[in-house]
Amino acid sequence: MTVELQAAEIAAKLEAALPGCTIESSGNTIVIKDEFVLKAATFLKNTAGLDFNYLNFLTATDYQTYFEVIYDLVSLEHNHKLVLKVKLNNREKPELASVTGVWKGADFQEREIFDLFGINFTGHPNLKRIFLWEGFQGYPLRKDFKQ
Amino acid sequence: MALKTETFLVNAGPQHPSTHGVFRMRFILDGEVIQDVEPVFGYLHRGIEKLAEGLTYSQDMVFTDRLDYLASMTNNQAYAVAVEKLAGIQVPERAEYLRVIMAELMRISSHLMGVGFLTNDIGAFLTPLLYMYREREKILDLFDMVCGQRLTYNYMRIGGVSQDIPEEFLPALKKFIDTLPRFIQEYEQLLATNEILLVRTKNVGILTKEAAINYSTAGPVLRASGVKWDIRKAEPYSVYSRFNFEIPTGSKGDVYDRYRIKIEEMKQSIGIIKQAMEQLPQGEIQAKIPKVLRPPKGEAYGRIEGPKGELGFYLVSDGATNPYRLHIRPPSLLNLTPLRELVIGVKIADAMAIFGSIDICMGEVDR
Amino acid sequence: MPTVTHNILPTVLNTGILAPDWPAGFWSHMIIFVVILFLFVIFMAMGFIYFERRVISRFQIRIGPNRVGPFGLFQPVADVIKILIKEDIVPLNADKLIHLLAPVAAIVPAIMVFAVIPFQNGAALANLNIGILYIVAISSVSVVGMVMAGWGSNNKYALVSAMRVIAQVVSYEIPLALAIIGVILFAGTLSMNGIVLAQKIPYILLQPLGFLIYFLGSMAEINRTPFDLLEAEGEIVAGYNIEYSGFKFALFYLTEYTEAIAVSTIITTLYLSGWRGPFDSLPVLPVIWFLIKVFAVFALIIWVRATLPRLRIDQVMGFAWKCLLPLALINLLITGAQVVFWPNVSQWVFVGVNIVLAGLLIILFSRFFRTTGDKIEA
Amino acid sequence: MELNNQPQPEVYSDKILDKTEGEGIDFVKQQHQIQIEDPDSWQNEEANHNFILASADALINWSRASSVWPVNAGLACCAFEMISTASSRFDISRFGMEIFRPSPRQADLLIVNGTLTWKMAPQLKRIYEQMAEPKYVIAMGSCAISGGLFRNSYAVVPGVNKIIPVDVYIPGCPPRPEALLYGIQMLHKKIKKQKNFEKRKSA
Numbered sequence: 000m001t002v003e004l005q006a007a008e009i010a011a012k013l014e015a016a017l018p019g020c021t022i023e024s025s026g027n028t029i030v031i032k033d034e035f036v037l038k039a040a041t042f043l044k045n046t047a048g049l050d051f052n053y054l055n056f057l058t059a060t061d062y063q064t065y066f067e068v069i070y071d072l073v074s075l076e077h078n079h080k081l082v083l084k085v086k087l088n089n090r091e092k093p094e095l096a097s098v099t100g101v102w103k104g105a106d107f108q109e110r111e112i113f114d115l116f117g118i119n120f121t122g123h124p125n126l127k128r129i130f131l132w133e134g135f136q137g138y139p140l141r142k143d144f145k146q
Numbered sequence: 000m001a002l003k004t005e006t007f008l009v010n011a012g013p014q015h016p017s018t019h020g021v022f023r024m025r026f027i028l029d030g031e032v033i034q035d036v037e038p039v040f041g042y043l044h045r046g047i048e049k050l051a052e053g054l055t056y057s058q059d060m061v062f063t064d065r066l067d068y069l070a071s072m073t074n075n076q077a078y079a080v081a082v083e084k085l086a087g088i089q090v091p092e093r094a095e096y097l098r099v100i101m102a103e104l105m106r107i108s109s110h111l112m113g114v115g116f117l118t119n120d121i122g123a124f125l126t127p128l129l130y131m132y133r134e135r136e137k138i139l140d141l142f143d144m145v146c147g148q149r150l151t152y153n154y155m156r157i158g159g160v161s162q163d164i165p166e167e168f169l170p171a172l173k174k175f176i177d178t179l180p181r182f183i184q185e186y187e188q189l190l191a192t193n194e195i196l197l198v199r200t201k202n203v204g205i206l207t208k209e210a211a212i213n214y215s216t217a218g219p220v221l222r223a224s225g226v227k228w229d230i231r232k233a234e235p236y237s238v239y240s241r242f243n244f245e246i247p248t249g250s251k252g253d254v255y256d257r258y259r260i261k262i263e264e265m266k267q268s269i270g271i272i273k274q275a276m277e278q279l280p281q282g283e284i285q286a287k288i289p290k291v292l293r294p295p296k297g298e299a300y301g302r303i304e305g306p307k308g309e310l311g312f313y314l315v316s317d318g319a320t321n322p323y324r325l326h327i328r329p330p331s332l333l334n335l336t337p338l339r340e341l342v343i344g345v346k347i348a349d350a351m352a353i354f355g356s357i358d359i360c361m362g363e364v365d366r
Numbered sequence: 000m001p002t003v004t005h006n007i008l009p010t011v012l013n014t015g016i017l018a019p020d021w022p023a024g025f026w027s028h029m030i031i032f033v034v035i036l037f038l039f040v041i042f043m044a045m046g047f048i049y050f051e052r053r054v055i056s057r058f059q060i061r062i063g064p065n066r067v068g069p070f071g072l073f074q075p076v077a078d079v080i081k082i083l084i085k086e087d088i089v090p091l092n093a094d095k096l097i098h099l100l101a102p103v104a105a106i107v108p109a110i111m112v113f114a115v116i117p118f119q120n121g122a123a124l125a126n127l128n129i130g131i132l133y134i135v136a137i138s139s140v141s142v143v144g145m146v147m148a149g150w151g152s153n154n155k156y157a158l159v160s161a162m163r164v165i166a167q168v169v170s171y172e173i174p175l176a177l178a179i180i181g182v183i184l185f186a187g188t189l190s191m192n193g194i195v196l197a198q199k200i201p202y203i204l205l206q207p208l209g210f211l212i213y214f215l216g217s218m219a220e221i222n223r224t225p226f227d228l229l230e231a232e233g234e235i236v237a238g239y240n241i242e243y244s245g246f247k248f249a250l251f252y253l254t255e256y257t258e259a260i261a262v263s264t265i266i267t268t269l270y271l272s273g274w275r276g277p278f279d280s281l282p283v284l285p286v287i288w289f290l291i292k293v294f295a296v297f298a299l300i301i302w303v304r305a306t307l308p309r310l311r312i313d314q315v316m317g318f319a320w321k322c323l324l325p326l327a328l329i330n331l332l333i334t335g336a337q338v339v340f341w342p343n344v345s346q347w348v349f350v351g352v353n354i355v356l357a358g359l360l361i362i363l364f365s366r367f368f369r370t371t372g373d374k375i376e377a
Numbered sequence: 000m001e002l003n004n005q006p007q008p009e010v011y012s013d014k015i016l017d018k019t020e021g022e023g024i025d026f027v028k029q030q031h032q033i034q035i036e037d038p039d040s041w042q043n044e045e046a047n048h049n050f051i052l053a054s055a056d057a058l059i060n061w062s063r064a065s066s067v068w069p070v071n072a073g074l075a076c077c078a079f080e081m082i083s084t085a086s087s088r089f090d091i092s093r094f095g096m097e098i099f100r101p102s103p104r105q106a107d108l109l110i111v112n113g114t115l116t117w118k119m120a121p122q123l124k125r126i127y128e129q130m131a132e133p134k135y136v137i138a139m140g141s142c143a144i145s146g147g148l149f150r151n152s153y154a155v156v157p158g159v160n161k162i163i164p165v166d167v168y169i170p171g172c173p174p175r176p177e178a179l180l181y182g183i184q185m186l187h188k189k190i191k192k193q194k195n196f197e198k199r200k201s202a
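Protein chains in written order, with numbering that gives the first Met the number 0: chain E, 0 to 146; chain D, 0 to 366; chain X, 0 to 377; chain H, 0 to 202.
The following block holds chain E by itself, in its conformation from the complex:
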């Protein structure tokens, strides 16, 4: 059975390694500051005992005032999981570091989020529209999208 790790413990570990990165933690979810994403991802993947080597999925939600990017992490060896969340307050030009260097599986999913939400992933090797065509106006999954 997959163990849902207590976020508070992990948050403490994260805080020890990267001071000031977490905002809050509850249940199996940790919310971190957006500038720490890459460092936190690398830490979670490479720390013994955590070994989050598998990025289960990566998606985003538009909460009208801010975007939330969700990283669902799983460790196939220990069979435990954790949810990492990032809040992006800049609606005009949302930006976030790409985690393709850590988990290559993030490649298409980050492109998808770029395509449908307009979140720019810096450091992504090939960031362009994936489902819609070049020249499509707007980002459909934003709540203020009008056809």
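Read the hints as simulated data drawn from the structure, not as lab findings. Quantities reported herein were computed from a predicted structural model and do not represent experimental measurements. Each hint should be verified, as a subset may be incorrect.
Unchecked claim - Sample of chain D residues with no beta-carbon within 10 Å of chain E, all distances over it, derived:
no.	residue
1	Q58
2	P91
3	I138
4	F175
5	A319
6	R324
7	L332
8	K346
9	R366
Stated by the list, open to error - Each computed BS3-like pair below joins lysine-lysine, with the alpha-carbon atoms no more than 30 Å apart:
no.	chain 1	residue 1	chain 2	residue 2
10	E	K84	D	K227
11	E	K103	E	K92
12	E	K80	D	K232
13	D	K232	D	K290
14	E	K127	H	K28
15	D	K201	X	K155
In this text, a Cβ means the ideal position worked out from N, Cα and C, and glycines have one as well.
Assemble chains D, X and H onto chain E, guided by the hints.
Just chains D, X and H now, kept in the frame of chain E:
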């Protein structure tokens, strides 16, 4: 004398016999050898995630049928599991058993198609595919008996299933399950002892264990690379913890392993169906839920092991009748991520075999 | 048949328009036989198309065409009429002349092969004394048409297909010709009719290895499964004829089947004792024997097509050079030794010896190329 | 702990092609907002019969109706019902239709099977234009007829008849193979009514 050579760009798709739908690959070819490839998606992007936000929870069920249209039942199940997790609904036992039976039948059907289209991509002139279609038709008949549809069932509902099985279903299922091993044996003899098929599939498109994990692949692709990971065992949903079955894993991660995994999984599915038929209890098939579901505010991720890998639905509710956000974790799209690495440096023919072995469904890739 | 033509038509044709020093009998024989051959090729091609579609349907547990005419017999007729009156498209950037000439260049050599095939004793358009040499020379010229089509269509798939076919056919010519030499050594003649006359025992028994090499090689020459890289549908869509429609496509389609008929007739003549059979001195029976054998060979080709997947291009080439070529050379060596050293031994002895040798050699060679499937953990 | 910040290997990506494709899609989207009329409405009119031409028509129409070769093109869910129709149980080959040509040049029938998105629309139009005359189109399934379930989506063409003229519509989501066979027979009937030697009004 130095000859001047040039690479050239070839478009495979969106209308191409072996792209399994409307997928497109831009190959940079050096003669027969692929130098680079750029996959292009989106020719079937219907915006399901956006449309789902405009309809109620139970109305969204119909979209799930059209995701992976080779495994509609499992899509239904994944969505139902997610909503039930979100709203805290307890599903009656009989419904759970029926779901398991349908999902495993769907897995057999989907794997049959996967193997069939793989052989077609390798160049067998339809024959193995049509033989596998024969078995698939029998499965579709069973579904037809239960819910009156052949492809898009909308059978599993939130909190149970839409209707109980008719009387003649169980005998028909038993008859089918009893004869299936013989046919699978037949296909194995036809395919696994065929020298040409072996030459074309062995040591082609090797995906290492580390790469398979790092690329977030799932299902048969991940297991063929030697990772023993199956949601049915890792996080048993429904009533899977009561069944006795194995997870086949490959050793090399080549096309042949991906093909063998599918055959072995079909055998395991037969075992599960047999056990489920024996244990099938009487009782309710639908939990008591309100006509219009209003799950509490929050979010949930429900996942199951689909035929193509972990299929999950991420739901966010704001307390209203419609989901605030619905995200699908598409195994087909994620299994395509390593495509570029696998395909670079092989010949066109092998590229098609690799692509076929990944076994994608465009409805799920593009959504 | 020549006797008929020699007697009936000379007066009609001897009008002085033709070359005066050539006998009228020669001309009448030529004209009548050419007409017969064309009709034979076209009707056989239609018959083969029907036969193949029905037989493959049976292989695939289907019924096959059965709505057009009795048993669907008029299906090929409908196909032909439809395709001939269909619009003919020439791509804008195509090399127009080459695009136009390619189907002609493909079909002419394919039909020319039939000039030396004996349908019964001596009944051939030209009973050349170097018939088999003529076939070896002419049969692979069709490829030029396909390469022209691939080049002239201005399509990348077609170009890849053209490159594949030329590599493949050039490679398979060699084992093919070497396999034929085995037959020639036993028969002691290059004439097709002579070879049939020499077959007291069908050469498939005397030359089992040569037959297999010739069969596989000719499958590669006419681009049939498992060597159908030329039209590999899953990879390069339709191959060289991707840009052709209407009449020109019909010619390519006809070429494909004409080549299949040609190969079936050549195999029948070389290895299955051609028109010979019980009671072959009766008037029409030899032709019937001949046709039965041709259809049997074609059924074998269809069987292979319905069963096997396709090889990759490097495997196809490797098979020709690493497997068929050495086998053909060994076969030639064995046959030569038998003909030279034991000319007086009964051929039935060689039948036994050659079948055993062929079996041993095939087992030995398949060892080098064998791939086995292993089980996976469950 | 070291950050994994090595530069990624350069990924092949052709932005110019994407841009031209996008422009093409936008162009098609602008051009094709109105439904295309059925070009075969002339069939309903009574034409004066010419005896000789009528028998020639009969032969030509018979041959065309008896060997309709479909394009091997699948869009979405309905494609699998199309393959089911071609498979052993329903066996489309009885009507001489089992030759699925991968190249549109050699095919007569385009079965639009599934949801058509704006991104795919120029490609489908191109396939249709590549086909040689005479050519027929079957719109299979509700998505192809009107956009169906996905009509309100931002990416879906509401009905394939906005892009190309359609001969036969087959409802269903997806239509059963029997329905497709019935639609094909409707198409046969339609072909058999053609007048090949009269000028079409719309042409």
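Verification of the hints:
1. Q58: holds, 19 Å
2. P91: holds, 22 Å
3. I138: holds, 29 Å
4. F175: holds, 32 Å
5. A319: holds, 13 Å
6. R324: Non-interface label fails for R324 of chain D: nearest chain E Cβ at 5 Å, not farther than 10 Å.
7. L332: The claim breaks: L332 of chain D does not keep its Cβ more than 10 Å from every Cβ of chain E (closest is about 6 Å).
8. K346: holds, 24 Å
9. R366: At about 8 Å from chain E, R366 of chain D fails to clear the 10 Å cut-off, so the statement is violated.
10. E:K84 / D:K227: holds, 28 Å
11. E:K103 / E:K92: Roughly 24 Å between the alpha carbons, so the hint for K103 of chain E and K92 of chain E holds.
12. E:K80 / D:K232: Holds, because 15 Å separates the two Cα atoms, which is no more than 30 Å.
13. D:K232 / D:K290: Violated, at about 34 Å.
14. E:K127 / H:K28: Answer holds: K127 of chain E to K28 of chain H is near 21 Å, not above 30 Å.
15. D:K201 / X:K155: Given that 30 Å is the threshold and the Cα spacing comes to 29 Å, the pair holds.
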